[in-house]
Structure formats: C-alpha cells, structure tokens
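Note that our numbering numbers the sequence shown so that position 238 is 238, with each residue one more than the last.
Hints are computed from structural coordinates only; laboratory data are not their basis. All C-beta atoms in this analysis are idealised placements derived from N, C-alpha and C, irrespective of residue type, glycine included. Wrong hints could be hidden among the right ones.
As the list claims (entries may be wrong) - Derived CB-CB ranges, DEER-like: (1) R270 - E145: 32 to 38 Å; (2) A29 - L144: 22 to 28 Å; (3) D138 - D76: 35 to 41 Å; (4) R86 - K296: 34 to 40 Å; (5) P293 - K122: 16 to 22 Å.
What the hints assert, rightly or not - Computed cross-link-like contacts, DSS-like style, restricted to lysine-lysine with a CA-CA straight-line distance of at most 27 Å: (6) K296 - K72; (7) K112 - K44; (8) K122 - K44; (9) K122 - K112; (10) K131 - K220; (11) K44 - K31; (12) K154 - K122.
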Amino acid sequence: MGAFILIADLLNASVGGDTTAQSVVRYLAEKGISRAAIGDEHLKALYSALSKSAHTSLGRGIQVLEFNAIYKPVDDAVWGVIVETREHPSLEYVVCQFSNQLDIGIQLFHGKANESFIRGSKISSLIEQGKVILTPLDVETFSLEEYNALFLSKRFWNVQMGRKKILVFQADAVLCERSDYQLTDFLYFDYIGSKWPRMRPAGMIIDGGNGGLSLRDLHKSVECLNRFPAELWPGGEDGYFAFHMDLMGARIGRNDECARFSTQYEFLYRSFAGHSVTQLEPSSLDRFIQYCPEVKHTL
Numbered sequence: 001m002g003a004f005i006l007i008a009d010l011l012n013a014s015v016g017g018d019t020t021a022q023s024v025v026r027y028l029a030e031k032g033i034s035r036a037a038i039g040d041e042h043l044k045a046l047y048s049a050l051s052k053s054a055h056t057s058l059g060r061g062i063q064v065l066e067f068n069a070i071y072k073p074v075d076d077a078v079w080g081v082i083v084e085t086r087e088h089p090s091l092e093y094v095v096c097q098f099s100n101q102l103d104i105g106i107q108l109f110h111g112k113a114n115e116s117f118i119r120g121s122k123i124s125s126l127i128e129q130g131k132v133i134l135t136p137l138d139v140e141t142f143s144l145e146e147y148n149a150l151f152l153s154k155r156f157w158n159v160q161m162g163r164k165k166i167l168v169f170q171a172d173a174v175l176c177e178r179s180d181y182q183l184t185d186f187l188y189f190d191y192i193g194s195k196w197p198r199m200r201p202a203g204m205i206i207d208g209g210n211g212g213l214s215l216r217d218l219h220k221s222v223e224c225l226n227r228f229p230a231e232l233w234p235g236g237e238d239g240y241f242a243f244h245m246d247l248m249g250a251r252i253g254r255n256d257e258c259a260r261f262s263t264q265y266e267f268l269y270r271s272f273a274g275h276s277v278t279q280l281e282p283s284s285l286d287r288f289i290q291y292c293p294e295v296k297h298t299l
C-alpha cells in the first residue's frame, strides 16, 4: 500500500504535458502493473489526496422510470442525449437544431414537471416522428450534484437507446453551421468535449474537455463504471470518465482536438459547436456570435 500512497505525488509531477492518468500509468508500469490490470485498489490513495468538489456527492439516487417496452436500443452510429428537468427557454431550439442538422435520434431525459412543456413545443412533432424519445426521470427537477450522480449510475447507461456513440448536450449548446468540421470528424474518439482547463478543481490534470457537450463511447463508459467504482471519485462526472478512460488507453480528445470540437471558454477554431459560451471573454464572445449566430438562441 505504501507504494500507492506515492501516487499522490503525481498530482504535481506532470511530465512533458502528460495528464495525471498518463503519469499514473507510467508509475504503475514501473511497479509491474499493466494498464489492463489497473483497478480501484491502485487508486484509492490518489482519490483521497484530491480536493472534493461541491457537486460530486452521489447524493440521492435518481431513478429512471420504466422504459416503454416498444423502444428498443438501436445500432445507429450516434444518438443524442440531453437531460433536462426544467422548462428551459432554449430547450426547444436546441433539441430541434441537433435533430434536424445532424439527422440523429435524440433521447430526452425529462422530469415530472416539464413533460407538458416539452409536448407543447415543436419537439412534439419530432416525438411523433420517432426522432425524439422521451425517457422520464422520477424527479420534479434536480441539482447539479444529482446530474452528476445520474451520469455516474450504471442504470443511466443501460437505458440508452444508442449502443455506440452518445452525443451528450445541454440546453446551452449549439451547432455552428459555418464550421470547418463535421460530427464524423470526431467519431474516432471515445471521449471528447469542449476545450476546458486541463487542471480540474479536484487537483488533477485531465484532458477530454467539458462534458456538457461531449461525444462518448457507450461501451467504454460502461467499462469505466465496471472497473472503477464511481462512489470513490471526488470530482465531476466528466472528469471521472475522461480520467479513467485515459487510464484505460481509450481515445481521449486533447486540447486542440477539443477546441475544434466545441468552443466554451476559449475561441480558437471554427469549431463544430459551442457550449456555455458566455464563459468567453467579451471580445471573444462577440467574434463567436459573428461566426456562429445560431448561438443567440441560447443566450
């Protein structure tokens, strides 16, 4: 156990821009532990050395209500997934844009309080056409803490309609029609989100970007949860998946790749999409709006 306590030293020992996961893999390899053999027993000391985020407790479990039996998982290359329990003013536009522009199915996880709101919007037409599938959650609404808990539950991944790549998005995400990139440019990745500072609040260097708009491999996500118990993780759900997939040797988006995928806090490329762009500096936000005027619907 003493050897593993030293893993905490890796938090401040990134070599040549390595992520914490890459440093841990190298460290454990020197101890004779292969990447395939890494388990939670090798990481507990590392977890305990991290700063715990205010939004990381698994809290009360969010139950996904029984899925209607007429809906069966499909093998489409990509399915969109959005979790929204509020009557969010941008929800209608964002769901319709992702459905129409990408021509993918979308699974909308909703609460008890906003189903009528959803069915009273233009989304209802997509529901009737089978392009949007509603999946109810057993809550009125929930917190960021509970959002994290949902994504870190195996049940959530088990009821996904899509069985390959999952495009997670939120009501403040937007697709940029003038982008130099298409969704197919990113299907190679097992996890890629909007470019985000590599140093996470928990104290780790993690690539992969922000999870609010992210493309994820379903099977790698499930493997993560099976190998590394989520209740031990002290950070957000996106950091959990990006860190552990990196440990597993999965294909994680690096800084420039994430910036091409989606703009969030830094506008560097004519990105495929944007997410929570109000985090941009005012001058960068103005430039992004000129490039991607669609974002006005989410501001």
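Checked hints:
Take R270 and E145: their Cβ atoms lie about 35 Å apart, and the range 32 to 38 Å holds. Checking the proposed 22 to 28 Å range against A29 and L144 shows it is violated: the Cβ atoms sit about 36 Å from each other. Taking 35 to 41 Å as the suggested C-beta distance range, the pair D138 and D76 does not conform, at roughly 27 Å. Checked against the given bound of 34 to 40 Å, the beta carbons of R86 and K296, roughly 20 Å apart, lie outside it.
A hinted range of 16 to 22 Å holds for the C-beta pair P293 and K122, which are about 20 Å apart. Between K296 and K72, the direct Cα distance comes to roughly 36 Å. Violation of the 27 Å bound is thereby established for this hinted pair. Simply put, K112 and K44 have alpha-carbon atoms about 37 Å apart, too far for the 27 Å limit, and the pair is violated. A C-alpha spacing of about 48 Å is found between K122 and K44, which places the hinted pair above 27 Å, so the restraint is violated.
Simply put, K122 and K112 have alpha-carbon atoms about 19 Å apart, close enough for the 27 Å limit, and the pair holds. Distance hint between K131 and K220 is fulfilled; the C-alpha atoms sit about 25 Å from each other, no more than 27 Å. Between K44 and K31 the alpha-carbon distance is near 16 Å, which keeps this suggested pair within the 27 Å criterion. Taking the CA atoms of K154 and K122, the gap is near 31 Å; set against the 27 Å cutoff, the hint is violated.
Hints 2, 3, 4, 6, 7, 8, 12 from the list above are not met by this structure, while the remaining hints are.
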